[in-house]
Amino acid sequence: MTTLALRWVHRNLFAKPFDAALSLVIIPMLAWAVYAFAHWALVEAHWQVVGGSFKVLMTGIYPADQLWRAWFSVATLCAMFGAGLGLSVRPGRAASTVVALGVALTGVMVAVAIDVHSGMLAAGSAALGVAAWCGVHHLAADQRIVLSGLLAGVVAIFVVLSPPGFEVWGGLLLSVVLTIAVSILTLPFGILLALGRQSRITSLRVISTAYIETMRSVPLILVVYWIWIIVPLLAPDTSVPGLLRGMAGFALFFAAYVAEYVRSGLQAVPKGQIEAARSLAMSSWTLNVDIVLPQALRVVVPSLVGQILDIFNGATLVFIIGLTDFLRAGQMILADPQNSGRTYEIYVFLFAVYLAIGGAITYASRRLEAHLARGSR
Amino acid sequence: MARFKFLVAALAAASLWAPGASATVLDNVKQRGVLNCGTDNTAPGFGYLNTKTGKIEGLDADFCRAMAAAVLGDASKVNFVIVTDKSRFNALQTGQADVVFAHTTVKPVRESAIGIDFLPINFYDGTGMMVKSASGVKSVAELDGATVCTTQGSGTEATLAAFVRARGFKTTKVLTFENLEKLFGALQSDRCNAMSTDKSALAAWRGNSGKPDDYTILPETLNKSPFAGFVIANDSRWRNLLRWATFALFQAEEWDINSANLADRMKDESAFVQKFLGAKDGFGKDFGVADDFVASMIKSVGNYGEIYDRNLGPKTPYFIDRAGTPNAMWTKGGAEYSPPWN
Numbered sequence: 001m002t003t004l005a006l007r008w009v010h011r012n013l014f015a016k017p018f019d020a021a022l023s024l025v026i027i028p029m030l031a032w033a034v035y036a037f038a039h040w041a042l043v044e045a046h047w048q049v050v051g052g053s054f055k056v057l058m059t060g061i062y063p064a065d066q067l068w069r070a071w072f073s074v075a076t077l078c079a080m081f082g083a084g085l086g087l088s089v090r091p092g093r094a095a096s097t098v099v100a101l102g103v104a105l106t107g108v109m110v111a112v113a114i115d116v117h118s119g120m121l122a123a124g125s126a127a128l129g130v131a132a133w134c135g136v137h138h139l140a141a142d143q144r145i146v147l148s149g150l151l152a153g154v155v156a157i158f159v160v161l162s163p164p165g166f167e168v169w170g171g172l173l174l175s176v177v178l179t180i181a182v183s184i185l186t187l188p189f190g191i192l193l194a195l196g197r198q199s200r201i202t203s204l205r206v207i208s209t210a211y212i213e214t215m216r217s218v219p220l221i222l223v224v225y226w227i228w229i230i231v232p233l234l235a236p237d238t239s240v241p242g243l244l245r246g247m248a249g250f251a252l253f254f255a256a257y258v259a260e261y262v263r264s265g266l267q268a269v270p271k272g273q274i275e276a277a278r279s280l281a282m283s284s285w286t287l288n289v290d291i292v293l294p295q296a297l298r299v300v301v302p303s304l305v306g307q308i309l310d311i312f313n314g315a316t317l318v319f320i321i322g323l324t325d326f327l328r329a330g331q332m333i334l335a336d337p338q339n340s341g342r343t344y345e346i347y348v349f350l351f352a353v354y355l356a357i358g359g360a361i362t363y364a365s366r367r368l369e370a371h372l373a374r375g376s377r
Numbered sequence: 001m002a003r004f005k006f007l008v009a010a011l012a013a014a015s016l017w018a019p020g021a022s023a024t025v026l027d028n029v030k031q032r033g034v035l036n037c038g039t040d041n042t043a044p045g046f047g048y049l050n051t052k053t054g055k056i057e058g059l060d061a062d063f064c065r066a067m068a069a070a071v072l073g074d075a076s077k078v079n080f081v082i083v084t085d086k087s088r089f090n091a092l093q094t095g096q097a098d099v100v101f102a103h104t105t106v107k108p109v110r111e112s113a114i115g116i117d118f119l120p121i122n123f124y125d126g127t128g129m130m131v132k133s134a135s136g137v138k139s140v141a142e143l144d145g146a147t148v149c150t151t152q153g154s155g156t157e158a159t160l161a162a163f164v165r166a167r168g169f170k171t172t173k174v175l176t177f178e179n180l181e182k183l184f185g186a187l188q189s190d191r192c193n194a195m196s197t198d199k200s201a202l203a204a205w206r207g208n209s210g211k212p213d214d215y216t217i218l219p220e221t222l223n224k225s226p227f228a229g230f231v232i233a234n235d236s237r238w239r240n241l242l243r244w245a246t247f248a249l250f251q252a253e254e255w256d257i258n259s260a261n262l263a264d265r266m267k268d269e270s271a272f273v274q275k276f277l278g279a280k281d282g283f284g285k286d287f288g289v290a291d292d293f294v295a296s297m298i299k300s301v302g303n304y305g306e307i308y309d310r311n312l313g314p315k316t317p318y319f320i321d322r323a324g325t326p327n328a329m330w331t332k333g334g335a336e337y338s339p340p341w342n
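Heads up: the sequence lines are chains A and B, in that order. Counting from 1, position 43 in the first sequence corresponds to residue 43 in our numbering; the numbering is continuous, with no gaps. Counting from 1, position 122 in the second sequence corresponds to residue 122 in our numbering; the numbering is continuous, with no gaps.
Just chain A, with the same shape it has in the complex:
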């Protein structure tokens, strides 16, 4: 065993003089950084601040007596994520062990940070996700049924969360729900734009191209801010909540990028198929819906999933229109004198959560890519 380890070290770290020099410089630095961080995290840091402000971090100023609505959303999101996973990833033994550990760890961590009740709810939600994963996989459920289930889940989350008013949404919940809603909204809009850009009707092509290029040449923050200002001016007597205006801004912006992804997919469909379909007198609708789009979307699904990450990270910009996203919730907590001097704890926690979610999305994107590639072999 030791000889094996030594051989690995020799081959990978000290094979050549240059490698050895590099390793000698980098390994101690890395070790020192890890040690310094671990020492801080385990000895000096006051993690109580995260537990004490967990509710604000997760839901912002959402009313405390309405938190069951937030828990419903967490459970639904877990189930949706599980179901989505069930379509592409087999719940094998290694994966299930990791997930089982993850579920238990989540429960224990939340229980320690807040209380046992919340810990049980968190573990239950995670378990529900696993159940959905295994269930969808074993039943080999039809993709279309699963997809409509996911849509129904999003609608249910909105319906359940909205009664206390959109202005109290905040924290990670706001970031996640905004990301999901925008990801779904951009899809039909983006596909239509992509088709419009490829269309043989000139006016449609010009409008789509102009829209896509305009949106792609301005910053996201400008579009979001512009929508936030323009809506009350156009409709002064209605009050469209800031959250919905923010979502509209995000959707309008990212639809242009979706359109470009979809266009690349459309171009990947062999011309011959389109010509063949046309010579069979197929209508444009049938041609697009049954022949072109299924193949085009299959190619771009990984990019679209990757874009969800862009939307999630971009969601931090909504603070500028007065919404309290996850990052802003952290800053809000730090402005409270009770949490004075806890800057590093809060930011490390935010970093860890962003890293975990970003990692999950990247992983999902990679797995989907592998899954879809298998289908096309």
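Hints listed in this document are in silico derivations from the structure and should not be mistaken for laboratory results. Mixed in with the good hints, there may be bad ones.
Claimed, not checked - Chain A is faced by these chain B residues, among others (derived, beta-carbon under 7 Å): (1) Leu26; (2) Asn50; (3) Thr51; (4) Val83; (5) Ser87; (6) Thr172; (7) Gly207; (8) Met329; (9) Ala335.
Beta carbons are placed, not taken as given, at the ideal position from N, Cα and C, and that holds for glycine.
Given the structure of chain A, go ahead and fit chain B onto it with the hints provided.
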């Protein structure tokens, strides 16, 4: 291009015009039954969320509550519209907020070009200095030969240079840092003897340092940065009500009327005080609100001194001394001054 400019101008005009289309904000607020008050939620001492109670607290937030009490008779009938430095004027222009209290400095262009009217100044901020308490420095006069630090490219840099020149400090060095975090770090590590920026920001960094007593904010203020709430321009009915509501908070402090002794003072022997509080024949009716609107404010949030002490007083981590600054009552040499109520 000309057409585009016209479009922009029309949009800008529309943005000023739209809220004015309805008669007065006062009627809208009374009809709605809730005051939409713009405030920040990440400004320590001014507008921030108390994570234990889930309530927005701070000087600005308390002014929102006071205005809700004045207009609607109930300090809880306030809806906090969260604004940032970037969105605070637009939130008002688009009618999303009826009034904004967001640590905003009174400046001429803001009234001349943006289309807002300021309320009376409710906090006098300005460039200040913070030193380590261990240094024993009690006044900026002792900083001759010291290293004074501030942020790069800020207005403070120019203020500081003028200050050093005016005082005739020969050996005083001015260092600049990229941001407030690095600036505070330099003070902590003794690279700087004093750090200089707005006093409210100094108080926030001191309060958030974990050991506030290790740092002292010197009493002197080097330049002016007065904060005030603001409302949409050209609605004098609304502005006058909130203006006098703010003055009333100052007057109540001057007459020593506070939330504890309000009930007794309603029966005060002075007819002026009775009229002021609206015990009988008050000022409210003509402003379009309840006659006892001043009493409603004092009852729920207290007079100006109580609001100040609750958020920036000696018992808070963000202590900014009023004594010797414009934030003191005019009777104590400060600038908090209400015109007479009679």
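Hints versus structure:
1. Leu26: violated, 17 Å
2. Asn50: holds, 6 Å
3. Thr51: Interface hint status for Thr51 (chain B): holds (4 Å vs cutoff 7 Å).
4. Val83: holds, 5 Å
5. Ser87: holds, 6 Å
6. Thr172: The hint is violated - Thr172 (chain B) has no Cβ within 7 Å of chain A, the shortest such distance being about 30 Å.
7. Gly207: holds, 6 Å
8. Met329: Not OK, violated: Met329 (chain B) not within 7 Å of chain A, min 25 Å.
9. Ala335: violated, 27 Å
Violated hints for the displayed structure, listed by number in ascending order: 1, 6, 8, 9.
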